[in-house]
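All chains, please: the whole structure from these sequences, using the hints.
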Amino acid sequence: MSELTLTVMRLGFLAVLWLFVIVAVQVIRSDLFGTRVTQRGSRREEGRRQQPAARQQAAPPQQRGQQPASGGRRRNAPSKLVVSEGTLTGTTVALQGQTITLGRAHDSTIVLDDDYASSRHARIYPDRDGQWIVEDLGSTNGTYLDRSRLTTPTPIPLGAPIRIGKTVIELRK
Amino acid sequence: MSSSTNTSTHHTSTIGAIGAPSRRNTELALLVFAVVIPVFAYANVGLAIDDKVPAGLLSYGLGLGLMAGVAHLAVRKFAPYADPLLLPLATLLNGLGLVVIWRLDQSKLLQSIKQAGTAAPRQLLYTAMGIALFIVVLIFLKDHRVLQRYTYISMVGALFLLLLPLVPGLGANIYGAKIWISVAGFSIQPGEFAKIVLAIFFAGYLMVKRDALALASRRFIGLYLPRGRDLGPILVVWFISILILVFETDLGTSLLFFGMFVIMLYVATERTSWIVFGLLMSGAGAVGVASFEPHVQQRVQAWLDPMKEYTLSQQGVAGHSEQSMQALWAFGSGGTLGTGLGQGHSDLIRFAANSDFVLATFGEELGLAGIMALLLIYGLIVERGVRTSLAARDPFGKLLAVGLSGAFALQVFVVAGGVMGLIPLTGMTMPFLAYGGSSVIANWALIGILIRISDTARRPAPAPAATPDAEMTQVVRPS
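Protein chains in written order, with the numbering used here: chain A, 1 to 173; chain C, 1 to 479.
Mixed in with the good hints there might be a few duds.
Calculated Cβ distances over 12 Å to all of chain C for the following chain A residues [to be verified]: (1) A77; (2) D107; (3) Y144; (4) L158; (5) A160.
Chain C stretches covered by chain A per the calculated footprint, using a threshold of three residues with CB under 8 Å from any CB of chain A [to be verified]: (6) 28-34; (7) 39-50; (8) 81-92; (9) 340-353; (10) 359-372; (11) 394-405.
Honestly, the hints are just simulated from the structure, not real lab data.
Idealized CB from N, CA, C, for every residue including glycine.
Structural data, given as structure tokens:
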């Protein structure tokens, strides 16, 4: 085999190997853009944040509770559930009509690692009209929507904080 | 327990998949690519050595393609939302390993000293067994959280596997390191399997104990100092890895297990102090053992002065080998772009050229450019593992994924560092690339578990869990 052919093959092989690496990185890149990255900071930093998303999180709960009261439900249907406080901060779950269970049980959708949460603490599900409902499943320490403890299945306003032990979750568009 | 102190210290940007598509077609495309590259390499080796396309090209390509295809179908069926990159990356590494092992089989020098000749067909068989185990993991491990039930059984199992090589009559002392057992003519390296079992134990244990380890501590010059009694677990693991170092005389295995524990401890508790303690303890342990263990001393000497080791071996002094120096020369003669597949002289390493030192052949024939690509591929596997851990929705899965990918990363570091002369040489093998059944089979199982966790993590609509408590809770539904 001629020297030239072998040189071309040698360089060609390296090129193909690197092409594979680049394609793999491209796949990761598209994977990143298929998801949302939520920047979280400590409370002090949040005040200084420029990003509007971060500022919205820093807003006191009273203001957040008022936002979803206006506007059509259909248009403002939440698309994801976001954990905004606690050890799972930043985790998101897409809302696609499924029931989301929360608790310390290992088969929960969101497994809470929290001594104040019950093993089957609460669940979030859509009713027939597509309105998202939160229901406390007889937990020991209760589930709080805004400041009030839940006693019945309750519709969740957009952005209202749901507190379970140390964890706070909310629904976002 | 002061649980509330922990909540204000998060600076993380966390990532969750939003309606992640299954990406199976991306995986298939990459997989085809990952099979074509080794076939190209195979043809290249044949043309360079014998001036003709090797006779086995079609069967080899079909064999690798078939195995990759079966693995892909299994993923499609049993883990449809799994990460699209893990399988192609592992397949590519395995395929390239097969090519280089075959290339070393062709070496007249290695054939003359009976170090090679039939390694490639056997490695192909091991690969088939590895992929079979990968599929078995996918079929029978429906949910990785099941593994949590076996936390303490895993501990016993891992200790058993680690101690197996020390059993008289079963353990085999192969070239100084006692990390092998020989059963029915096969030598098995139980440490490779112990790696996975131990990760399950650490994940289950740390998930339960992490609050005690993270919160009960005092602050001292910027470091959280754990209480004396919380040091117990790390001391026990340290002691066991020192025992491995003393009795099995293998620095790699010892470093791998202790390092994996420290990584998982750090991830579980978010306390940098554990890393400081871990580094101090492993440093002290390694230096302490090296002061009285001759085998370890010799490895350190060979690392500090490979040229002297080479001269001694050329003079015929027993117990010295020219491998380290030959490997360094192989890397050197490869240069930036390499000598081309099949055109190097890495067979001069002689013993273990296709197992422990397989990276030297890559270094010589593909050059720096090729080695960088290989290390990046390893890096991508680790990255996908860590990413899986980030996306996992349960603490056990998070810890297990980070433990497995951390162990994988440490193993790559220990082997590559040893061959390149960065750290003393150890008896571990490069995952997927090197010749060796235990390594290939165990690492395919590892990839299988990672794929299972990533499937659970990326599944967009988790199956609604049955809630037995729901019936007990009387509620009035608004009509």
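Legend entry - Broken hints, by number: 2
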